[in-house]
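Guided by the hints, dock chain B onto chain A, whose structure is given.
One-letter residues, chain by chain:
There are 2 protein chains.
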Amino acid sequence: MLFFTQCFGAVLDLIHLRFQHYKAKRVFSAAGQLVCVVNPTHSLKYAPARCAAAQTSAEQGILPPCHHHEAVHDPQLVPCTCPLFSCPWEGHLEVVVSHLRQTHRINILQGAEIVFLATDMHLPAPTDWIIMHSCLGHQFLLVLRKQEKYEGHPQFFATMMLIGTPTQADNFTYRLELNRNQRRLKWEATPRSVLERVDSVISDGDCLVLNTSLAQLFSDNGSLAIGIAITTSKVHNAEAEM
Amino acid sequence: MLFFTQCFGAVLDLIHLRFQHYKAKRVFSAAGQLVCVVNPTHSLKYAPARCAAAQTSAEQGILPPCHHHEAVHDPQLVPCTCPLFSCPWEGHLEVVVSHLRQTHRINILQGAEIVFLATDMHLPAPTDWIIMHSCLGHQFLLVLRKQEKYEGHPQFFATMMLIGTPTQADNFTYRLELNRNQRRLKWEATPRSVLERVDSVISDGDCLVLNTSLAQLFSDNGSLAIGIAITTSKVHNAEAEM
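Chains as they are written, first to last, in full-length UniProt numbering: chain A, 1 to 242; chain B, 1 to 242.
The following block holds chain A by itself, in its conformation from the complex (with noise of 0.2 Å):
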């Protein structure tokens, strides 16, 4: 009886999935974009330290093995950039996406325009929704984060940072969109390298932030989509649309 009654319950998730997807698609509506619907993850990054893997709601319990890199202190080494665990990984920066992708199971995406579909917004903070993003021959991290700057007060931040240095960062631009209910909210800017670290861009500001209310009003039964595009610098001039 309890298995039937699971087996229903994940064909209900699957189609409630399915129309939360249809509808992001339906608002973001320029042809080939990719929706992606991102499960929250809560912050275990001031847990007591440990290697752990991403644990999401759906796969929460499963640890994979810790792959540490023996410390040889080469200075082109950088460290774990994974923003929800304090890992002690280091390696190059190459292998950075390979390290997200494998331990942290971060899920990675192509296509120059996708919608960030994260899902479960009433979450307490702290909470992180989190994918990479591939694209013009890149890879860029997207973190959305709900935190308690004044206790609280949660507030959503988002932000898209390059997985390579600040000059190669310097080369894009990258666009966060919020479209709903006669409401359009845009963030466009040069996206940070991994290396500033999530955290000090979030606690700079220098991010798209959302009150809860403004986060309420732009979601949907308790998603909030997301429409991000990534261009290069030469084709962005900032002062073009005005």
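Any given hint might turn out to be false.
Unchecked claim - List of simulated lysine-lysine pairs, DSSO-like, C-alpha gap at most 30 Å:
1. B:K149 <-> A:K149
2. B:K186 <-> A:K186
3. B:K149 <-> B:K186
4. B:K186 <-> A:K149
5. B:K149 <-> A:K186
6. A:K149 <-> A:K186
Keep in mind that the hints were calculated from the coordinates and are not lab data.
Quick look at chain B alone, frame taken from chain A:
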């Protein structure tokens, strides 16, 4: 001697304003855009009730006489919509603009696209920057407010309201745009009617909201330039640009 010092100060202020005007024009480079320098007004709404005139920083101490409208309880009369003062005036919607202009000394500007240059952003909350904007045959009230929703953490709230009914307001879309240092933030929405009151729009958070850190990123020498555009909703298609 004091006279010459003051004259010299006034000339310096003029040069500074001219320079700010030039810079704002350079950022918002579309031809024909009017740049309007808006001085802050300390909100007196919650001060002892009186029919006070707008005390702009340039005009402090000048209090024009009150023009009370004798209450006749005509259902077509609306209260004073000035967000700054608890004013007992009431009148027909058609004369709200002249009341705001004459009694509260709120400036009015013409043009479909203007640049609102708010000065002295560092002043403590509560502070308002207000103008009226005449466009497409209607008048709009633009309010930028610095307010502490959470004690010790001032935020900026910007909204545009139609001096008209909610049904008339539904025919328009307004856009507020910040653009500086390779960052751009755009808010687009249907204006609310002044009959819905600025205070409720701001407490609902249904407007452009800026943290102090974000406001600083977009400010230049203590002034914030906001590009404003109003279109009719028929022209605007919320899903076209995605």
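Here's how the hints hold up against the structure:
{"no.": "1", "hint": "B:K149 <-> A:K149", "in the structure": "13 Å, holds"}
{"no.": "2", "hint": "B:K186 <-> A:K186", "in the structure": "5 Å, holds"}
{"no.": "3", "hint": "B:K149 <-> B:K186", "in the structure": "22 Å, holds"}
{"no.": "4", "hint": "B:K186 <-> A:K149", "in the structure": "24 Å, holds"}
{"no.": "5", "hint": "B:K149 <-> A:K186", "in the structure": "24 Å, holds"}
{"no.": "6", "hint": "A:K149 <-> A:K186", "in the structure": "22 Å, holds"}
When each numbered hint is compared with the structure, no violation occurs for any of them.
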